[in-house]
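S.K.: Put the two chains together into one complex; each comes in its own frame, and the hints tell you how they fit.
Chains as they are written, first to last, in the working numbering: chain A, 1 to 209; chain B, 1 to 126.
A couple of the hints might just be wrong.
Claimed, not checked - The following label-pair restraints were derived from C-beta to C-beta distances: (1) B/17 <-> A/21: 26 to 36 Å; (2) A/64 <-> B/73: 40 to 50 Å; (3) A/135 <-> B/98: 17 to 27 Å; (4) B/49 <-> A/25: 32 to 42 Å.
Claimed, not checked - Here are a few chain A residues that sit away from chain B, every Cβ distance over 12 Å (derived from the structure): (5) 39; (6) 99; (7) 105; (8) 123; (9) 129; (10) 133; (11) 143; (12) 154.
None of these hints come from the bench; they were simulated from the model. For every residue, glycine included, the Cβ atom is placed at its ideal position computed from N, Cα and C.
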Amino acid sequence: MSSATTADPAALAHHDPTTATGVPNKKILMWAFLASDCMFFGALISTHLIYRLHPMPGTPSPREIFDLELTSFSTFILLMSSVTMALAVNAIQHGQLGRCRGMLMATILFGGIFLGCQVYEFNHFVHEKSLTLSGSILGSTFYTLTGTHGIHVLLGVVWLCSILLYSAAGKLRPQDAIDVESAGLYWHFVDIVWIVIFTAVYLLEYLHR
Amino acid sequence: METTHPPLLAPHQSRYQLFVSVAILLSFITGAEIVAIWLPWVHWFLVALLVVLSAVKFGYVIFIFMHLRWDRWLCTAVFLMGLLLAGGTALALVKLFAVGDSIPLTSQEEPPAPPANAAPSPARAQ
Chain A
1 MSSATTADPA
11 ALAHHDPTTA
21 TGVPNKKILM
31 WAFLASDCMF
41 FGALISTHLI
51 YRLHPMPGTP
61 SPREIFDLEL
71 TSFSTFILLM
81 SSVTMALAVN
91 AIQHGQLGRC
101 RGMLMATILF
111 GGIFLGCQVY
121 EFNHFVHEKS
131 LTLSGSILGS
141 TFYTLTGTHG
151 IHVLLGVVWL
161 CSILLYSAAG
171 KLRPQDAIDV
181 ESAGLYWHFV
191 DIVWIVIFTA
201 VYLLEYLHR
Chain B
1 METTHPPLLA
11 PHQSRYQLFV
21 SVAILLSFIT
31 GAEIVAIWLP
41 WVHWFLVALL
51 VVLSAVKFGY
61 VIFIFMHLRW
71 DRWLCTAVFL
81 MGLLLAGGTA
91 LALVKLFAVG
101 DSIPLTSQEE
111 PPAPPANAAP
121 SPARAQ
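In isolation and in its complexed conformation, chain B is listed as follows (with noise of 0.2 Å):
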């Protein structure tokens, strides 16, 4: 017995779908994510909801927009090289600067005053 099926979308049609679809999940989420801030919830997990939904955001924009999902490999390890080298660098240069010796002087706390009889520093001297 003979079957028809319908006809298949042009490659290039079935991804102007798929481009619009993203667009509309992508402005979802971006709302999403300012309706968030408004909520009453916990710190710590609206800043990791937030950046999860914006890796989310990232990933859906750098594999369907840009391509890599139909890319070599080569393409994402390229930009995963200089991606991973940029968020190790920020995320060390975060945790380095939380290190209390590391916080800038004038951001903390005014250092108590010296005791009334100490001799002055050379340099308040002057």
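Bound conformation, chain A alone (with noise of 0.2 Å):
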């Protein structure tokens, strides 16, 4: 955990005069591999986007197969995650534990929600559907990258949990507020990465051409 441990937790979350950068060394690490999960998500959404502007024949069409109604509320629940996400690490810089316990809490439920969501969703599409990831390039290119995602919030759910366990065993201290940090930032992450899937790969499936 963080080694500081007398300067104010939300002063050093934006400066931290130890570091050559100025910066905590976990966050400037964190932004670097989030910057390269960026890549590989542009690899991702840039396949899919290729593939549906070039069909190939007997391509199933996406609007008969997608539930609006079912992403959207996945898409409300993932931006809900971000806000409590927001508030926990807001909390644990001010040294209200319970308060950052609570909103991990919330975090870890709407995570939770959006996960089910999905698993749903696949099942709907594989059983009702006929979506497999064999079966067409579609099928291929949308499971791989929503998938994708899926793992991510996934990892993030699994993270954040074990945040709230080490919490719970009276080990997280105001101090090690940059550990919540750094796990807020992924999960932030997971909402953006979403905020373009769900624009480039359902909405644009919507709109008549």
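M.R.: Given below as structure tokens:
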């Protein structure tokens, strides 16, 4: 955990005089990781878009497969989870451990709901709409992209659960705010990737050509 | 003459209100996106509108929820480097595959049938 024990955690979050860059090392590491993850998702999203712009003969119409109501609900849930995550980071930076735990639990709950919606969606697509991973190019690119995002959400939920357990054991202190903030950065990244997927994969399919 | 000022909000309190306000705004934008796709507007305008609205949501999340607004420029620079590389690569790939010769063969129209008296190609002869 953080070595700084005396300075104000809220101030340290934005400026750490003990590092060469003035930014906490864990934070700069997380930003670098997220930048690399951008390229990963950029490749997956562009692959999906290329094959949607030039569909193979016999490709099913996504408009007949997608369920916009469910996806909109998932989007709203993920947005709300971002708010609770931001509030959890804000709480621990001001020494409010109880409030931080509550917000973390809310974030985990929202993340679980999102994952439940995705499992339902995949199950519905496979069994009711016959969209399988290997059945068509659309299925391959769609499941690879949204499945990779879903795995990111799952990892985020596991990470937040571990912080919650650590906190329940009484080992999380306000001085460790940077650890919660790192998890928060990852969680918000998952949210911004979904913002792009929601528009590029789902909404654009509904436009009249 | 002495004047009285209302007490200033504590920093964490003001940020709490900011986060909630941004959440409401993001929900509103998402609702606007869902409504927009059903409007009988020109296709290119709707695509541009959706891209702009997504970019606004993206910006609010990274600058407010991810604290880039209050962090040093280095964090913004590191993230934007990755984002620009990813965006540039994605744009280049989409443009590249839009060129006629790059379109996946099986997604193009059926090739014209060869003349009846033409010799079969080695591949077809097998």
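S.K.: Each hint: holds or not?
M.R.: Quick rundown of the hints versus the structure:
| no. | hint | in the structure |
| --- | --- | --- |
| 1 | B/17 <-> A/21: 26 to 36 Å | holds, 31 Å |
| 2 | A/64 <-> B/73: 40 to 50 Å | holds, 47 Å |
| 3 | A/135 <-> B/98: 17 to 27 Å | holds, 26 Å |
| 4 | B/49 <-> A/25: 32 to 42 Å | holds, 41 Å |
| 5 | 39 | violated, 4 Å |
| 6 | 99 | violated, 10 Å |
| 7 | 105 | holds, 17 Å |
| 8 | 123 | holds, 24 Å |
| 9 | 129 | holds, 20 Å |
| 10 | 133 | holds, 19 Å |
| 11 | 143 | holds, 19 Å |
| 12 | 154 | holds, 20 Å |
The structure does not agree with the numbered hints 5, 6 stated previously, though it agrees with the rest.
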